[in-house]
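J.: Line by line, the protein sequences give chains A and B.
In this note's numbering, each residue carries its 1-based index in the first sequence increased by 421.
In this note's numbering, each residue carries its 1-based index in the second sequence increased by 639.
Wrong hints could be hidden among the right ones.
Stated by the list, open to error - If you want the ones that stay clear, here's a sample from chain A, every Cβ over 12 Å from chain B, calculated:
(1) Arg430
(2) Lys434
(3) Glu438
(4) Lys439
(5) Val440
(6) Leu462
(7) Glu483
(8) Gly484
(9) Tyr485
(10) Asn505
(11) Thr507
(12) Met509
(13) Arg533
What the hints assert, rightly or not - Once the Cα atoms are required to be at most 30 Å apart in a straight line, the calculated DSS-like pairs of lysine-lysine come out as:
(14) A:Lys478 <-> B:Lys695
(15) B:Lys665 <-> A:Lys476
(16) A:Lys424 <-> B:Lys695
(17) B:Lys709 <-> A:Lys478
Simulated from the structure, these hints should not be mistaken for laboratory data.
Computed from a predicted structure; not experimentally measured.
The C-beta atom is built at its ideal place from N, Cα and C for all residues, glycine as well.
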Amino acid sequence: DVKVTQSSRYLVKRTGEKVFLECVQDMDHENMFWYRQDPGLGLRLIYFSYDVKMKEKGDIPEGYSVSREKKERFSLILESASTNQTSMYLCASSLRQGAGAGTEAFFGQGTRLTVV
Amino acid sequence: SQQGEEDPQALSIQEGENATMNCSYKTSINNLQWYRQNSGRGLVHLILIRSNEREKHSGRLRVTLDTSKKSSSLLITASRAADTASYFCANLNQAGTALIFGKGTTLSVSS
Chain A
422 DVKVTQSSRY
432 LVKRTGEKVF
442 LECVQDMDHE
452 NMFWYRQDPG
462 LGLRLIYFSY
472 DVKMKEKGDI
482 PEGYSVSREK
492 KERFSLILES
502 ASTNQTSMYL
512 CASSLRQGAG
522 AGTEAFFGQG
532 TRLTVV
Chain B
640 SQQGEEDPQA
650 LSIQEGENAT
660 MNCSYKTSIN
670 NLQWYRQNSG
680 RGLVHLILIR
690 SNEREKHSGR
700 LRVTLDTSKK
710 SSSLLITASR
720 AADTASYFCA
730 NLNQAGTALI
740 FGKGTTLSVS
750 S
């Protein structure tokens, strides 16, 4: 069974802390994504990666960075957490989408981060 | 923003009724996907419809696509309480590199 695992379901951090959100997939997928989800705003893409050590900015990368040292692991880093980063964070993976291909994304269970 | 929109934002129905959700998108597409999210959980893929298809079925799900109007609809027939969830449409961004999602429709099915 395909699986995307996020390291924490719930996380509480203090303002200014450096926060790591980890995501691991066991499907040998090339693509991995980080989204945040907020009420009324839906899912917004933060960063994605289509290969090891490669990363691309999504729609809202400010305040975040990512790391992909191994194919199966994609980490989201909040360099200095702020209260406006309180949100649900969702990791996803997919096969590389060639032209006209379009493959489904598999999601982790989400990490609800609260910054106080 | 390339983000699409679902309509309505919220829908409440009785068990056994049909539920219809609509999605409008902004970019040209190769395919459009629908996902479901149970409360506080990750998203699960439901169905994918390609741009050269007009209608697709999967169990109690029926998806239509109108590329001229840049819109799609998801119909759930004979709804059950277990269908209570949020439903999202998604399509590739213009660069073709990542899925972008609409804001979702929250469906509540009461028994």
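J.: Are the hints correct? Go through all of them and say.
T.: Okay, the hints, checked on the actual structure:
1. Arg430: 9 Å, violated
2. Lys434: 19 Å, holds
3. Glu438: 23 Å, holds
4. Lys439: 25 Å, holds
5. Val440: Given that every Cβ of chain B is farther than 12 Å from that of A:Val440, nearest at about 19 Å, it holds.
6. Leu462: Incorrect as stated: the minimum Cβ-Cβ distance to chain B is 7 Å, not above 12 Å.
7. Glu483: Nearest chain B Cβ is 15 Å from A:Glu483, so the label holds.
8. Gly484: A:Gly484 clear of chain B: closest Cβ-Cβ about 18 Å, beyond 12 Å.
9. Tyr485: 15 Å, holds
10. Asn505: 18 Å, holds
11. Thr507: 15 Å, holds
12. Met509: Given that some Cβ of chain B is not farther than 12 Å from that of A:Met509, nearest at about 8 Å, it is violated.
13. Arg533: 7 Å, violated
14. A:Lys478 <-> B:Lys695: Violated: A:Lys478 and B:Lys695 sit about 33 Å apart, past 30 Å.
15. B:Lys665 <-> A:Lys476: This hinted pair holds, its Cα atoms lying about 25 Å apart.
16. A:Lys424 <-> B:Lys695: 26 Å, holds
17. B:Lys709 <-> A:Lys478: Status holds; Cα separation ~26 Å.
When each numbered hint is compared with the structure, violations occur for hints 1, 6, 12, 13, 14.
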